[in-house]
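**Student:** Full structure from sequences and hints, please.
Listed below are the residues making up each chain.
2 protein chains.
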Amino acid sequence: MAFDYPAPFLQLARELRRLPGIGPRSAERIALWLLSNKDARPGQLSAALSTAETAIRPCSRCGFFATDDLCEICLQPARGGREICVVELATDILPLEKTGSFRGLYHALGGRLAPLDHIGPAQLRIESLQKRLLTENPVEIILALSADVEGEATTNYLVEILEPLGIPLTRIAHGLPAGGGLEHADQITLLRALSGRRPVAER
Amino acid sequence: MAFDYPAPFLQLARELRRLPGIGPRSAERIALWLLSNKDARPGQLSAALSTAETAIRPCSRCGFFATDDLCEICLQPARGGREICVVELATDILPLEKTGSFRGLYHALGGRLAPLDHIGPAQLRIESLQKRLLTENPVEIILALSADVEGEATTNYLVEILEPLGIPLTRIAHGLPAGGGLEHADQITLLRALSGRRPVAER
Numbered sequence: 001m002a003f004d005y006p007a008p009f010l011q012l013a014r015e016l017r018r019l020p021g022i023g024p025r026s027a028e029r030i031a032l033w034l035l036s037n038k039d040a041r042p043g044q045l046s047a048a049l050s051t052a053e054t055a056i057r058p059c060s061r062c063g064f065f066a067t068d069d070l071c072e073i074c075l076q077p078a079r080g081g082r083e084i085c086v087v088e089l090a091t092d093i094l095p096l097e098k099t100g101s102f103r104g105l106y107h108a109l110g111g112r113l114a115p116l117d118h119i120g121p122a123q124l125r126i127e128s129l130q131k132r133l134l135t136e137n138p139v140e141i142i143l144a145l146s147a148d149v150e151g152e153a154t155t156n157y158l159v160e161i162l163e164p165l166g167i168p169l170t171r172i173a174h175g176l177p178a179g180g181g182l183e184h185a186d187q188i189t190l191l192r193a194l195s196g197r198r199p200v201a202e203r
Numbered sequence: 001m002a003f004d005y006p007a008p009f010l011q012l013a014r015e016l017r018r019l020p021g022i023g024p025r026s027a028e029r030i031a032l033w034l035l036s037n038k039d040a041r042p043g044q045l046s047a048a049l050s051t052a053e054t055a056i057r058p059c060s061r062c063g064f065f066a067t068d069d070l071c072e073i074c075l076q077p078a079r080g081g082r083e084i085c086v087v088e089l090a091t092d093i094l095p096l097e098k099t100g101s102f103r104g105l106y107h108a109l110g111g112r113l114a115p116l117d118h119i120g121p122a123q124l125r126i127e128s129l130q131k132r133l134l135t136e137n138p139v140e141i142i143l144a145l146s147a148d149v150e151g152e153a154t155t156n157y158l159v160e161i162l163e164p165l166g167i168p169l170t171r172i173a174h175g176l177p178a179g180g181g182l183e184h185a186d187q188i189t190l191l192r193a194l195s196g197r198r199p200v201a202e203r
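Chains as they are written, first to last, in this note's numbering: chain A, 1 to 203; chain B, 1 to 203.
Be aware that one or more of the hints could be misleading.
Restricting the straight-line Cα-Cα distance to at most 30 Å, the calculated cross-link-like pairs of lysine-lysine (DSBU-like) are [stated by the list, open to error]:
# : chain 1 : residue 1 : chain 2 : residue 2
1 : B       : K38       : A       : K131
2 : A       : K131      : A       : K98
3 : B       : K131      : B       : K98
4 : B       : K38       : A       : K98
5 : B       : K98       : A       : K38
6 : B       : K131      : A       : K38
Computed footprint of chain B on chain A; a stretch qualifies when at least three of its residues, placed anywhere within it, have a C-beta under 8 Å from a C-beta of chain B [what the hints assert, rightly or not]:
#  : segment
7  : 4-10
8  : 15-22
9  : 30-38
10 : 65-78
11 : 91-103
12 : 146-156
What the hints contain is simulated information worked out from the structure, not anything from laboratory work.
Note that beta-carbon positions come from the ideal geometry of N, C-alpha and C, so glycine has one too.
**Tutor:** Right under this line is the structure:
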C-alpha cells in the first residue's frame, strides 16, 4: 500500500495548482512550505483571500477594482467631464494610469467581442458605456483595445456605434514598441507603423 | 496622484509574494486572476488553507504529516518492529516511500545539526528517537540524511550516540545518481562512488 499526504494537504495542493503559472510540482512545494515552515502564515493568506474576495468589487461606473460603489479613480472630481478611455479589462487600467499622461476616466468593457465563445455586445459593458457618454458628455473617447484580431473587431464595432454621437473618437497608436528594432518587428507591426507615420514637425 | 489597486488587493498580493517561487509580478498576476476570473474560487483556496492549517499536525511518533495523533504510516500494524529510517524532514518521507522498497517506519528529526543557526541535538527530535529505539526495538536503523556537510555532521553525531545500543546501523549509499554520466559528476560524488564500490558478484 502506497501512502500519500493527508487529504487536507492534497486538497490545498489541488487548489494551489489552479492558480495561473503554478504547476503540480510547484503546488506541492508551496503546500509543503505553508504547512511545515515556521515563517509560513497560511492563516494570514487565507484571511487575505477572504477579505479581498468580499471587499473588492467592480466599480459601478468604470469597472475598475473598488471597495465602494465607485473606485478611487472615479471618485476624483477633477477627472470627470474629460476623456473616457475604453479598455477591454479592468487590469488594463493601471498600466495606462502608470504612464502618468492620462487624466480622464476609464471604461472597462469586461472583454472583447468573440462570437466563437458566444461573447457579443450584450455580454460586454457597451450599453453602460453608451449611457455614460450621454450623461457625462466627455470631450473625447479614446479606444485602447488590444492590437489583435478580436481587439480590432471590437474597436471597429465600437467606432460604428459611437461615431454617430458626434464626440471626438480616437484610438491609441499602433507601431514599433519602445526599444524594438526593425529587424525584430513582424510584418503587421511594420505595416501599421508605416501607415501610422506622422510628419516630423508635428511632435 | 497615482492610483493603485485597493488595499485588500495589495494585501493579498503581499501574502502571495511570500510563497516560495512567487515573485512580485507573479503575485500580482495571481491576485488579479483570483479576483477577476470567473473560474477562480478564492473562497475555496481560503477554506483549503484554513482546513489544512487546523487539520494537519506532525505525527507524534515519526513526525510525518497526520490528521490524527499517529500518521497513516505508523498506523499500519505490519510496519512496526522492523527497520526505522531516520530522515531530516517530514517531506523526505514520501520520496522514500515512493521507491516501494521500504516497509519499516520512519523518524523525521525536524532538521539537521547547524550550530551557526543555534540548532543543536536538543532542537531536533533525537531524544524521542532514542526513546522509540528502546521501546520499539527495531531490527535496523537506516540513516537517510542529506549528502552535504551538515547532513554528514548530523549522521556522524547519530552514529556516535546510536552505535552503543547494539542495533544494526546503516546509512544509505552515496554515489553516482541514476542517469548521471561520469563526466557530469563532481569530484566528491566520484570519490564516494569509488570508495563505496561493491564486488560485482554481490548483486
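**Student:** Taking the hints in turn, state whether each one holds.
**Tutor:** Taking the hints in turn, this is what the structure says about them:
Taken as a hint, the B/K38 and A/K131 pair is honoured in the structure, with Cα atoms around 26 Å apart against an allowance of 30 Å. At most 30 Å may separate the alpha-carbon atoms for a hinted pair to count; A/K131 and A/K98 meet this at roughly 27 Å. Restraint check for B/K131 and B/K98: satisfied, since their Cα atoms lie roughly 27 Å apart, inside the 30 Å limit. For the hint linking B/K38 to A/K98, the alpha-carbon distance of about 26 Å falls within 30 Å, and the restraint holds.
With a C-alpha separation of about 26 Å, the suggested pairing of B/K98 with A/K38 holds against the 30 Å cut-off. Of the supplied pair hints, the one linking B/K131 and A/K38 holds, its CA atoms being roughly 26 Å apart against a limit of 30 Å. Taking a C-beta to C-beta cut-off of 8 Å, the segment 4-10 of chain A contributes 6 residues in contact with chain B, enough for the three needed, and the coverage statement holds. With 7 residues bearing a CB less than 8 Å from a CB of chain B, the segment 15-22 of chain A meets the requirement of three and the coverage assertion stands.
Coverage of the segment 30-38 of chain A by chain B holds [criterion: at least 3 residues with CB-CB distance below 8 Å; count 7]. Here the segment 65-78 of chain A counts 7 residues with a CB under 8 Å from a CB of chain B, which clears the bar of 3, and the coverage holds. Against chain B, the segment 91-103 of chain A contributes 5 residues with a C-beta closer than 8 Å to a partner C-beta. That satisfies the three-residue criterion, and the hint holds. Note: the segment 146-156 of chain A has 0 residues with beta-carbon separation from chain B under 8 Å; the three-residue rule is not met and the coverage is violated.
The structure shown violates just one earlier hint, number 12.
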